[in-house]
Amino acid sequence: MRVSVEEARCCGAGQCVLLVPEVFDQSVDDGIVVLLDATPPEELHGPVREAAAVCPGGAIDVEET
Amino acid sequence: MSQGDVQQTLSYPIPSEAALEPPEEWGRLRQECPVAKVRLPSGDEATLLTRYDDVKQVLADPRLTRRLTADDAARLTDSESGGVFNSEMSNVIPDRGEEHLRWRRLVGKWFTAKRMAALRPRMAAMAEQLLDEMVERGQPADLKAGLGFPLPVYVICDMLGVPADDRDRFSRWSDMMLTLTRYTGEEASAAQLEFFTYMSELVAAKRAAPGDDLLSELIKESEGEGEGLSDMQLIVTGVGLLVAGHETTANMIGKMVSMLLDDRTRWEELLADPSLVRTAVEEALRFDANAGFGLPRYLPEEVEVGDTVLPRGTTVICNMAAANRDDGAFDDADHMDLRRSPNPHLTFGSGAHSCLGQALARTELQVVLEVLLRRLPTLELAVPTGELRQVDGLVVGGLSEVPVRW
Ligand code: HEM
Ligand code: SF4
Numbered sequence: 001m002r003v004s005v006e007e008a009r010c011c012g013a014g015q016c017v018l019l020v021p022e023v024f025d026q027s028v029d030d031g032i033v034v035l036l037d038a039t040p041p042e043e044l045h046g047p048v049r050e051a052a053a054v055c056p057g058g059a060i061d062v063e064e065t
Numbered sequence: 066m067s068q069g070d071v072q073q074t075l076s077y078p079i080p081s082e083a084a085l086e087p088p089e090e091w092g093r094l095r096q097e098c099p100v101a102k103v104r105l106p107s108g109d110e111a112t113l114l115t116r117y118d119d120v121k122q123v124l125a126d127p128r129l130t131r132r133l134t135a136d137d138a139a140r141l142t143d144s145e146s147g148g149v150f151n152s153e154m155s156n157v158i159p160d161r162g163e164e165h166l167r168w169r170r171l172v173g174k175w176f177t178a179k180r181m182a183a184l185r186p187r188m189a190a191m192a193e194q195l196l197d198e199m200v201e202r203g204q205p206a207d208l209k210a211g212l213g214f215p216l217p218v219y220v221i222c223d224m225l226g227v228p229a230d231d232r233d234r235f236s237r238w239s240d241m242m243l244t245l246t247r248y249t250g251e252e253a254s255a256a257q258l259e260f261f262t263y264m265s266e267l268v269a270a271k272r273a274a275p276g277d278d279l280l281s282e283l284i285k286e287s288e289g290e291g292e293g294l295s296d297m298q299l300i301v302t303g304v305g306l307l308v309a310g311h312e313t314t315a316n317m318i319g320k321m322v323s324m325l326l327d328d329r330t331r332w333e334e335l336l337a338d339p340s341l342v343r344t345a346v347e348e349a350l351r352f353d354a355n356a357g358f359g360l361p362r363y364l365p366e367e368v369e370v371g372d373t374v375l376p377r378g379t380t381v382i383c384n385m386a387a388a389n390r391d392d393g394a395f396d397d398a399d400h401m402d403l404r405r406s407p408n409p410h411l412t413f414g415s416g417a418h419s420c421l422g423q424a425l426a427r428t429e430l431q432v433v434l435e436v437l438l439r440r441l442p443t444l445e446l447a448v449p450t451g452e453l454r455q456v457d458g459l460v461v462g463g464l465s466e467v468p469v470r471w
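Protein chains in written order, with our numbering: chain A, 1 to 65; chain B, 66 to 471.
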């Protein structure tokens, strides 16, 4: 799995961080998403997919590899 | 709805017969007339959207504005003020484009998921204290008055750095400014003035002696080369957060608990497995049929929705609660499934304008539920569901009381 984020679409709602803090963080400067791990381990794939599905900005892209 | 020439225009909002059930009309609209003409309380016409994809698309469209100030925009009500959507106040917070983005990012950094996690223990302590007081007063009790209404104000006061002694005044101002129907215009204006005066003094006090709170932080940012917010914007931000975050969250607490107790197997499922709290909160947000007006959008240019082209100048009403029950987006949409995941409901809107306070609201709802499950596992509704009454008021939907026993 390959994860990418589009900062410009992020509205800082923090859903992704609540769901998978191992993969997403929010910048302390503006609350915008920071990707910590673009290739998360298997056991996090479920929550990462959930984060992409519920992100209100549509800012998270998941490519299944 | 018939597509004939003499099409009868539906009145909006659509009344629902039962406080926790969606009006039957929603299903029909989604099926047969997803882009429907409706008549608003003001007598003006608007276009109602009820399908998930349509509502999501329109809410997330950055060209559209929630401000209904254009000459040809529909008025929601007869009254001058049109409620919180049109008030002078909401106009000071930038609505679109770069300015909005800047405001949002400045304020938004106080609403990150991490900061909310850090607030959790204090929130839980406030909820416990309110619950203790409610239990002491005896049963049956109104959970809304005892917990749902005060908690969100306490939390916002805490964030803004408002001293604990002033919380109850805050609460009263907030109530008066919102429930325009219950108080006369004069009383509401007096409350607004008092509140503004208080906030101006608070901003001045924070300038003199900054603390570890949102206002102090914003002031600090404002001191760098005209970067931050003006005094007026600071005041309005404080007022705006209260207005946006109080009644919405207070009502949601009451509705969430009522939905979970209405079918008590839901409550028991949570007691058996409290790790379901997170998904249960999302499902309560999705399932809420009594969400109020929905969100208006004005179209400054032509927009295509589904197969329909909406002309420029149209006022659209997005009914998120109806969209959240769309079978095309959610399996078994009319079933409340506490384990539903993912749950991309539209209760907080979508896109650049979606609720700034959603991480806070989620955390509050989760904390309330955790504390209730732990402290009052025997909780039940003290009246039959049929006797729950909806609040009147145009914008935010809720229950006027949530009588409980334990
Ligand atoms: C369950 C409780 C809540 C619900 C259902 C809710 C719902 C919403 C919705 C639907 C919007 C989008 C408006 C639009 O697109 O035009 C919104 C915006 C907003 N909400 Fe909330 N909200 C809740 C709690 C809160 C809280 C606790 C706060 C803060 C203390 C808050 C602050 C805001 C702000 C500032 C905006 C405007 C954002 C912007 O224009 O960029 N809300 N809310
Ligand atoms: S969920 Fe989406 S919008 Fe929210 S912080 Fe994460 S990337 Fe940004």
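It should be emphasised that the hints constitute simulated quantities derived from the structure, not laboratory data.
All values reported here derive from a predicted model rather than from experimental measurement.
Be a bit skeptical, because a hint or two may be false.
As the list claims (entries may be wrong) - So, partial list: chain B residues that the calculated Cβ filter (under 10 Å) puts toward chain A: (1) R132; (2) A183; (3) F261; (4) E347; (5) H410; (6) L411; (7) S415; (8) H418; (9) L421; (10) Q423; (11) R439; (12) R440; (13) P442; (14) T443.
Unchecked claim - Per the computed footprint, the stretches of chain A lying under chain B, defined by three or more beta-carbons under 8 Å from a beta-carbon of chain B, are: (15) 17-26; (16) 30-37; (17) 52-58.
Even glycine gets a Cβ: it sits at the ideal position worked out from N, Cα and C.
Right, here's what the structure says about each hint:
A hinted interface residue such as R132(B) counts as satisfied when its beta carbon comes closer than 10 Å to some beta carbon of chain A; here the least separation is about 18 Å, so the hint is violated. Annotation: interface hint on A183(B) violated; nearest CB of chain A at approximately 12 Å, more than 10 Å. Look at F261(B): its Cβ only gets to about 27 Å from chain A, farther than 10 Å, so that hint breaks. About 8 Å separates the beta-carbon of E347(B) from the nearest beta-carbon of chain A, less than 10 Å, and the hint is met.
Of the supplied interface hints, the one on H410(B) holds, with its beta-carbon coming within about 8 Å of a beta-carbon of chain A, less than 10 Å. Contact between L411(B) and chain A, as hinted, is supported at the beta carbon level, the nearest pair being about 9 Å apart and thus within 10 Å. For S415(B), the interface hint holds, the least distance from its beta-carbon to any beta-carbon of chain A being 5 Å, beneath 10 Å. For the restraint placing H418(B) at the interface with chain A, the shortest Cβ-Cβ distance is roughly 8 Å, inside the 10 Å limit, so the hint holds.
For L421(B), the interface hint holds, the least distance from its beta-carbon to any beta-carbon of chain A being 8 Å, beneath 10 Å. Below 10 Å, beta-carbon pairs count as interface contacts, and Q423(B) has one with chain A at about 5 Å; its hint therefore holds. Because the smallest distance between the Cβ of R439(B) and any Cβ of chain A comes to about 21 Å, over 10 Å, the interface hint for this residue is violated. For the restraint placing R440(B) at the interface with chain A, the shortest Cβ-Cβ distance is roughly 24 Å, beyond the 10 Å limit, so the hint is violated.
For P442(B), the shortest C-beta to C-beta distance to chain A is roughly 26 Å, which exceeds 10 Å, and the interface hint is violated. Interface hint status for T443(B): violated, as the beta-carbon distance to the closest one in chain A is roughly 30 Å, over 10 Å. Check result for the stretch 17-26 of chain A against chain B: holds, 5 residues qualifying (beta carbon to beta carbon below 8 Å, three or more required). A count of 3 residues in the stretch 30-37 of chain A with a Cβ less than 8 Å from any Cβ of chain B is obtained; the coverage claim is therefore met, three being the minimum.
Evaluation of the coverage hint for the stretch 52-58 of chain A: fulfilled, as 5 residues show C-beta separations to chain B shorter than 8 Å, against a requirement of three.
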